[in-house]
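**Q** Listed here are the chains, written in short residue letters.
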Amino acid sequence: MAADLKFAKSHEWLRPEAGGLVTVGISSYAVEALTDLVFMQLPAVGKKVKAGESIGEIESVKAVSDIYAPVSGEVVEVNTALPSHLETLGKDPYGDGWIVRIRPDNPHEADQLLNQAAYDALVAGQSH
Amino acid sequence: MEEHSALLETPLCRWHEAHGGRMVDFAGWKMPVQYASIVDEHLATRQAAGMFDVSHMGRLSIEGPQSLVWLESLLTRRVTGIEPGRVRYTLIASTLPAAILDDALVSRDRDAPDGTPCMGLVVNASNRPRVVAWLRSQLPASGVRLSDHTASTAMIAVQGPLAISLVGSLCSPGDAARIAALGNYSATSATVAGQPAALSRTGYTGEDGVEIVVAAAVAEQVWNDIHTAGVPRGLKACGLGARDTLRLEAGMPLYGHELREESDPFAIGLGLAIQLDGRSFPRSDIFAAQKAGQPARVRVGLEFDSKRSAREGNSVWDGQREVGIVTSGSFSPTLGKAVAMAMVDEKLAAAGTSLDVLIRDTRQAARVVPLPFYRRRKPTAQA
Numbered sequence: 004m005a006a007d008l009k010f011a012k013s014h015e016w017l018r019p020e021a022g023g024l025v026t027v028g029i030s031s032y033a034v035e036a037l038t039d040l041v042f043m044q045l046p047a048v049g050k051k052v053k054a055g056e057s058i059g060e061i062e063s064v065k066a067v068s069d070i071y072a073p074v075s076g077e078v079v080e081v082n083t084a085l086p087s088h089l090e091t092l093g094k095d096p097y098g099d100g101w102i103v104r105i106r107p108d109n110p111h112e113a114d115q116l117l118n119q120a121a122y123d124a125l126v127a128g129q130s131h
Numbered sequence: 146m147e148e149h150s151a152l153l154e155t156p157l158c159r160w161h162e163a164h165g166g167r168m169v170d171f172a173g174w175k176m177p178v179q180y181a182s183i184v185d186e187h188l189a190t191r192q193a194a195g196m197f198d199v200s201h202m203g204r205l206s207i208e209g210p211q212s213l214v215w216l217e218s219l220l221t222r223r224v225t226g227i228e229p230g231r232v233r234y235t236l237i238a239s240t241l242p243a244a245i246l247d248d249a250l251v252s253r254d255r256d257a258p259d260g261t262p263c264m265g266l267v268v269n270a271s272n273r274p275r276v277v278a279w280l281r282s283q284l285p286a287s288g289v290r291l292s293d294h295t296a297s298t299a300m301i302a303v304q305g306p307l308a309i310s311l312v313g314s315l316c317s318p319g320d321a322a323r324i325a326a327l328g329n330y331s332a333t334s335a336t337v338a339g340q341p342a343a344l345s346r347t348g349y350t351g352e353d354g355v356e357i358v359v360a361a362a363v364a365e366q367v368w369n370d371i372h373t374a375g376v377p378r379g380l381k382a383c384g385l386g387a388r389d390t391l392r393l394e395a396g397m398p399l400y401g402h403e404l405r406e407e408s409d410p411f412a413i414g415l416g417l418a419i420q421l422d423g424r425s426f427p428r429s430d431i432f433a434a435q436k437a438g439q440p441a442r443v444r445v446g447l448e449f450d451s452k453r454s455a456r457e458g459n460s461v462w463d464g465q466r467e468v469g470i471v472t473s474g475s476f477s478p479t480l481g482k483a484v485a486m487a488m489v490d491e492k493l494a495a496a497g498t499s500l501d502v503l504i505r506d507t508r509q510a511a512r513v514v515p516l517p518f519y520r521r522r523k524p525t526a527q528a
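Heads up: the sequence lines are chains H and P, in that order.
Convert by adding 3 to the 1-based position in the first sequence; the result is the number in my numbering.
Convert by adding 145 to the 1-based position in the second sequence; the result is the number in my numbering.
The set of hints was computed from the structure by calculation and includes no laboratory data.
Only a predicted model underlies this, so the values are computations on that prediction, with no experimental measurement involved.
Note that CB positions come from ideal geometry on N, CA and C, so glycine has one too.
Mixed in with the good hints, there may be bad ones.
To be verified - In silico EDC-like cross-links for lysine to aspartate or glutamate, where the CA-CA straight-line distance does not exceed 20 Å:
(1) H:Lys65 - P:Glu448
(2) H:Lys50 - P:Asp450
(3) H:Lys65 - P:Glu407
(4) P:Lys482 - P:Glu467
(5) H:Lys53 - H:Glu80
(6) H:Lys65 - P:Glu491
(7) H:Lys50 - H:Glu90
(8) P:Lys452 - H:Asp69
(9) H:Lys65 - P:Asp450
(10) P:Lys482 - H:Glu20
(11) P:Lys482 - H:Glu80
(12) P:Lys452 - H:Glu60
(13) H:Lys65 - H:Glu35
(14) H:Lys94 - P:Asp501
(15) P:Lys452 - H:Glu90
(16) H:Lys65 - P:Asp259
(17) H:Lys51 - H:Glu20
(18) H:Lys65 - P:Glu457
Said to hold, decoys possible - For the chain H half of the interface with chain P, some residues (derived, Cβ under 10 Å), not all of them:
(19) Thr26
(20) Ala36
(21) Val48
(22) Lys53
(23) Glu56
(24) Ser63
(25) Ala66
(26) Val67
(27) Tyr71
(28) Ser75
(29) Glu77
(30) Leu116
(31) Asp123
Said to hold, decoys possible - Quick list of simulated restraints, FRET-style, between CB atoms:
(32) P:Ala495 - H:Ser13: 24 to 34 Å
(33) P:Gly481 - H:Gln115: 16 to 26 Å
(34) H:Gly55 - P:Ala437: 49 to 59 Å
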């Protein structure tokens, strides 16, 4: 997987983009664990969020899960095509399945997130 | 990483684990909630067939010369009129603080050569311990033998338009014909996949099908044979997730959700299970008053235009007035939208009534619709 990805323990990923923005999505492990996705709620553009705060929800047949902001900042773009094409999350979770773009308050906050190897180790522990 | 070591396991547990079953704690049993996709398992059951391990449900037998009279004094449904080979839906009420202990299927499986009936009860896994304890506390000194066969047997539900022909393909032509001719809520015995089995034309999915009880020792072989024969025809093994969405679409109540200890069965649409007929049984006076009265809230179906699902406990609103509570809710794979069952004020229960459900701080528009949400088409002539 791409070396530039960072992960939150709550299974969101983050990728730094040009111009100081970050793109956020949910990991393929999370998509697989949820399965049967039926509904997604996105935040409004302009929403100010704090790290760890809910920025939306994703619902499967069995349950609803919050999507958490991995860093504090302002939501500057949302993937409006996604809620009506939730299958994209499974097909391309780190590409077309992106969820929001955030302008972080602190450009270094993402440094505290997990790198790919640490996240893989976390997931390996959770899946028995 | 949940700790599963204390959980009960069905004879099919190893099969589920070997086939990708996501195992969860359900009523103290280690059960598969799904193998891959709940929606795929659900749709396979609607379109072809689904097979379900329902061995966690309690299987009791009541035998002896006094068994009919004794059960008649305890169940809300009359049992003295049940003919051999017939199954009825009943409630099990008690005089304990836990009033309605369970809902159950009671059957007259067969009569012994001396004419005494052998009765069966299938109860919910979550309620089995207290139902067995209650029944044992009510046993007469002699004349009734109550046995719990849950651990020594397995129960496999095969449900869907292909279920009867599929099970028949694993039987002798004579047994297959008898199973095909079996009426709804009727039971028989047959040799299925080479093993002696008790079958009933019952289920919890809204589809045609059978529930098959076999000895625990042969359960995996019978399950495998059905699975192997069925997969090429579209059958899928299904977990409890699909079982729940299927029963919800079929408008079937689930104990602990629609039906509770203090429920008014007439308000839930379960009046058929209460046969008063001047009889006396636990809670019969309360049931009589409930039958004569007008319930404040009744069970309705709610349909949403959204796919956002109401869940158990969500409140139901008519303008600024709270008028009900959701008892079960989910995305309906067949309808492609969210549905729910709810208890709402009786005056707002008419089909077409617009209501709101408060789902995680957001109101979602819903309308009352008749139950069930899904009704299968009448079976066509057998090919």
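**Q** For each hint, tell me whether it holds in the structure or not.
**A** The hints, checked one at a time:
Our distance criterion of 20 Å between C-alpha atoms is met by lysine 65 (chain H) and glutamate 448 (chain P), whose separation comes to about 17 Å. Distance hint between lysine 50 (chain H) and aspartate 450 (chain P) is unfulfilled; the C-alpha atoms sit about 27 Å from each other, more than 20 Å. Only pairs whose Cα atoms come within 20 Å are accepted, and lysine 65 (chain H) paired with glutamate 407 (chain P) is rejected, the gap being roughly 27 Å. In summary, the hint linking lysine 482 (chain P) to glutamate 467 (chain P) is not supported, as the alpha carbons are separated by about 24 Å, beyond the 20 Å threshold.
At roughly 16 Å between alpha-carbon atoms, lysine 53 (chain H) and glutamate 80 (chain H) fall within 20 Å of each other, so this suggested pair holds. A C-alpha spacing of about 29 Å is found between lysine 65 (chain H) and glutamate 491 (chain P), which places the hinted pair above 20 Å, so the restraint is violated. A hinted pair counts as satisfied when its Cα atoms are at most 20 Å apart, and lysine 50 (chain H) with glutamate 90 (chain H) does not qualify at roughly 26 Å. Distance restraint check for lysine 452 (chain P) and aspartate 69 (chain H): the Cα-Cα separation of roughly 16 Å lies within the 20 Å cut-off, and the hinted pair is therefore satisfied.
Only pairs whose Cα atoms come within 20 Å are accepted, and lysine 65 (chain H) paired with aspartate 450 (chain P) is accepted, the gap being roughly 19 Å. A distance of roughly 37 Å separates the Cα atoms of lysine 482 (chain P) and glutamate 20 (chain H); the hinted pair therefore is violated under the 20 Å criterion. At most 20 Å may separate the alpha-carbon atoms for a hinted pair to count; lysine 482 (chain P) and glutamate 80 (chain H) exceed this at roughly 28 Å. For the proposed pair lysine 452 (chain P) and glutamate 60 (chain H), the alpha carbon gap of about 13 Å is at most 20 Å, so the pair holds.
Under the criterion of a C-alpha separation no larger than 20 Å, the hint pairing lysine 65 (chain H) with glutamate 35 (chain H) is consistent with the structure, at around 13 Å. With a CA separation close to 35 Å, the supplied pair lysine 94 (chain H) and aspartate 501 (chain P) exceeds the 20 Å bound. Between lysine 452 (chain P) and glutamate 90 (chain H), the direct Cα distance comes to roughly 15 Å. Compliance with the 20 Å bound is thereby established for this hinted pair. With a C-alpha separation of about 50 Å, the suggested pairing of lysine 65 (chain H) with aspartate 259 (chain P) is violated against the 20 Å cut-off.
For the proposed pair lysine 51 (chain H) and glutamate 20 (chain H), the alpha carbon gap of about 19 Å is at most 20 Å, so the pair holds. Taking the CA atoms of lysine 65 (chain H) and glutamate 457 (chain P), the gap is near 12 Å; set against the 20 Å cutoff, the hint holds. For the restraint placing threonine 26 (chain H) at the interface with chain P, the shortest Cβ-Cβ distance is roughly 25 Å, beyond the 10 Å limit, so the hint is violated. Taking 10 Å as the C-beta cut-off, the interface hint given for alanine 36 (chain H) holds, the closest approach to chain P being about 9 Å.
At a threshold of 10 Å, the smallest CB-CB gap from valine 48 (chain H) to chain P is about 19 Å, leaving the interface hint violated. A hinted interface residue such as lysine 53 (chain H) counts as satisfied when its beta carbon comes closer than 10 Å to some beta carbon of chain P; here the least separation is about 18 Å, so the hint is violated. Hint status for glutamate 56 (chain H): violated, given a least beta-carbon distance of 15 Å to chain P, over 10 Å. The interface hint given for serine 63 (chain H) holds, since its Cβ lies 8 Å from the closest Cβ of chain P, which is under the 10 Å cut-off.
A least Cβ separation of about 8 Å between alanine 66 (chain H) and chain P falls short of the 10 Å threshold, and the interface hint therefore holds. Taking 10 Å as the C-beta contact cut-off toward chain P, the hint placing valine 67 (chain H) at the interface holds, the least distance being around 7 Å. Given the 10 Å rule on beta carbons, the hint for tyrosine 71 (chain H) is violated: about 15 Å separates it from the nearest Cβ of chain P. Annotation: serine 75 (chain H) was flagged as interfacial toward chain P, and the flag is violated, the nearest CB pair being 22 Å apart, outside 10 Å.
A cut of 10 Å between beta carbons decides the hint on glutamate 77 (chain H): the least distance to chain P is about 22 Å, and the hint is violated. For the restraint placing leucine 116 (chain H) at the interface with chain P, the shortest Cβ-Cβ distance is roughly 23 Å, beyond the 10 Å limit, so the hint is violated. Taking 10 Å as the C-beta contact cut-off toward chain P, the hint placing aspartate 123 (chain H) at the interface is violated, the least distance being around 17 Å. At about 44 Å, the CB distance of alanine 495 (chain P) to serine 13 (chain H) disagrees with the hint of 24 to 34 Å.
Distance hint for glycine 481 (chain P) and glutamine 115 (chain H): a CB-CB separation of about 42 Å, inconsistent with the stated range 16 to 26 Å. Taking 49 to 59 Å as the suggested C-beta distance range, the pair glycine 55 (chain H) and alanine 437 (chain P) conforms, at roughly 56 Å.
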